[in-house]
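Asker: Residue-level listing of the chains:
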Amino acid sequence: MGLPMKIRATNKDGVTEIKVLMNHVMETGLRKDASGQLVPALFITEVTAKLNDKVVMQAQWGQAVARNPYLAFKVKGGKSGDKVSISWKDSSGDTRTDEATVS
Amino acid sequence: MNPGHQATRRGFLRLTGLLGLATSALALAPRLALAAWNKSAFETKGLADVYKTLGVVSPVASGDVQINASDIAENGAVVPVEAISKIPNTTQISFLIEKNPTTLTAQFDLGPDMLPEISTRVKMAETSNVIALVKADGKFYTASKEIKVTLGGCGG
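Protein chains in written order, with this note's numbering: chain A, 51 to 153; chain B, 53 to 208.
Please keep in mind that the hints were generated in silico from the structure rather than gathered at the bench.
A hint or two may mislead.
Under the rule of at most 25 Å between Cα atoms (straight-line distance), these lysine-lysine pairs were calculated in the PhoX-like manner [what the hints assert, rightly or not]:
#: 1; chain 1: B; residue 1: Lys138; chain 2: A; residue 2: Lys69
#: 2; chain 1: A; residue 1: Lys82; chain 2: B; residue 2: Lys97
#: 3; chain 1: B; residue 1: Lys97; chain 2: A; residue 2: Lys139
#: 4; chain 1: B; residue 1: Lys138; chain 2: A; residue 2: Lys124
Quantities reported herein were computed from a predicted structural model and do not represent experimental measurements.
Bound conformation, chain A alone (with noise of 0.2 Å):
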């Protein structure tokens, strides 16, 4: 399931701005833990953006994305009151959606 995002969406003049604070590891596979055994990668590969149930932005991700993951980008369009839905998955098939209502 993951754990929760926070989603934080706003609109001036016209523009939508969503900014995404993810919780995941990000394991890039390279790390050694305290005992000097490598740490397994684990990370999120795709990331959704949809707004109104409308898909706005698609991404793939790598390994080298920051340890819970941020992001901000902008739609034009969109008003206060809309849902902005956010869903990740991640290398081990895992999936997580969050939204959130444009303000």
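Starting from the structure of chain A, add chain B where the hints point.
Answerer: Structure of chain B alone, referenced to chain A:
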């Protein structure tokens, strides 16, 4: 009507329903028909090889692409980067970190309503050029910036 026939009919209806859903999903996002995760591109090291894997032909360094980041990253584990494209019809923005163990970091496919501006945070193993790669009308444009890393973000 025998039960077997009923079951087949139901199965048929379910199948056509699914097809209908799949078709409408495609119709909603014609520019965003994203393929499965591009494993080979994300596991490739080095700019030239990543470009080859992505089918990027002769990318042009352009002043209309900006990459914004600080010159020095004290902690390579969290490096804020922003890419902005002023090129019309920008449909894709990617971040590449030349000297990371895997060069391609993130690739964003932008729908028609998106402004061509993306901010995120990346990990850097060492001082490297960070490249914003922009696709517009099938052509590729880049902007590059060297970010010095004092403490690497990928090692143990």
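Asker: Each hint should be assessed against the structure and marked as holding or not.
Answerer: We went through each hint and held it up to the structure:
For the hint linking B:Lys138 to A:Lys69, the alpha-carbon distance of about 21 Å falls within 25 Å, and the restraint holds. Between the alpha carbons of A:Lys82 and B:Lys97 the distance comes to roughly 21 Å, so the proposed pair stays at or under 25 Å and holds. Pair hint B:Lys97 plus A:Lys139 holds up; C-alpha atoms about 23 Å apart against a cutoff of 25 Å. Note on B:Lys138 and A:Lys124: the hinted pairing holds, with a Cα-Cα distance of about 14 Å set against a maximum of 25 Å.
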